[in-house]
Amino acid sequence: ILRSTLPADCLIGAGTVLTPEQVEQVKAAGGQVIVMPHSDAKVLRAAKAAGLFLSPGVATPTEAFAALAEGADVLKMFPAEQMGPAVVKAWLAVLPAGTVLVPVGGITPDNMQVFVEAGVKGFGLGSGLFK
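Residue numbering for the sequence shown is 1 to 131, as defined by the numbering used here.
Please keep in mind that the hints were generated in silico from the structure rather than gathered at the bench.
Using N, Cα and C, we set each Cβ at its ideal position, and we do this for glycine too.
Hints may be right or wrong, so weigh each one.
[Said to hold, decoys possible] Okay, the calculated beta carbon distance ranges per label pair:
| # | residue 1 | residue 2 | range |
| --- | --- | --- | --- |
| 1 | Glu21 | Asp110 | 36 to 44 Å |
| 2 | Gly126 | Pro61 | 31 to 39 Å |
| 3 | Pro37 | Gly119 | 19 to 27 Å |
| 4 | Val94 | Ala28 | 32 to 40 Å |
| 5 | Arg45 | Leu92 | 22 to 30 Å |
| 6 | Gly84 | Leu18 | 23 to 31 Å |
| 7 | Ala29 | Phe130 | 24 to 32 Å |
Sequences and hints are given; from them, build the entire structure.
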């Protein structure tokens with residue numbers, strides 16, 4: 001329903017995708033984006049095979065490299081409040097050039113600037129928008 005009512009350039013997707021079956025459901029519903037709380041290789045492969053934009057959750061450089069090897073488009077750093085901007089800088093120093101990190105979890109309007117200065121290109125916001 002959303003796909004037929006929104007402009008063609010509007011991206012539609014789902015978050016907290018946990019299984020390859022859920023990837024198939026998102027694709028069948030017209031979704032284009034998969035956001036994951038983890039980086040399960042089976043789910044990553046299913047999303048890429050379906051041609052979907054993929055943002056898996058990662059909490060370590062090892063997970064980040066593994067997710068990129070499986071075709072991740074953007075890396076969701078979670079929980080960002082436990083990592084901080086210093087971790088962003090350290091990761092960007094070793095990850096492939098052009099890697100996009102999107103911190104999620106504990107991001108607020110008050111701490112966004114320090115993450116931008118560290119090199120992030122976007123954020124995942126939830127409760128921070130409403131407090």
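Comparing the hints with the structure gives:
Checking the proposed 36 to 44 Å range against Glu21 and Asp110 shows it holds: the Cβ atoms sit about 39 Å from each other. Hint check: Gly126 to Pro61, Cβ distance near 25 Å, so the stated range 31 to 39 Å is violated. Range check, Pro37 to Gly119: Cβ separation about 23 Å, and the 19 to 27 Å hint holds. Our hint of 32 to 40 Å for Val94 and Ala28 holds, since their Cβ atoms are close to 38 Å apart.
The hint said 22 to 30 Å for the Cβ distance between Arg45 and Leu92, and at roughly 25 Å that hint holds. Our hint of 23 to 31 Å for Gly84 and Leu18 holds, since their Cβ atoms are close to 27 Å apart. For the pair Ala29 and Phe130, the supplied restraint of 24 to 32 Å holds, since their beta-carbon distance comes to about 27 Å.
Against the hints set out earlier in the document, a violation occurs for number 2 only.
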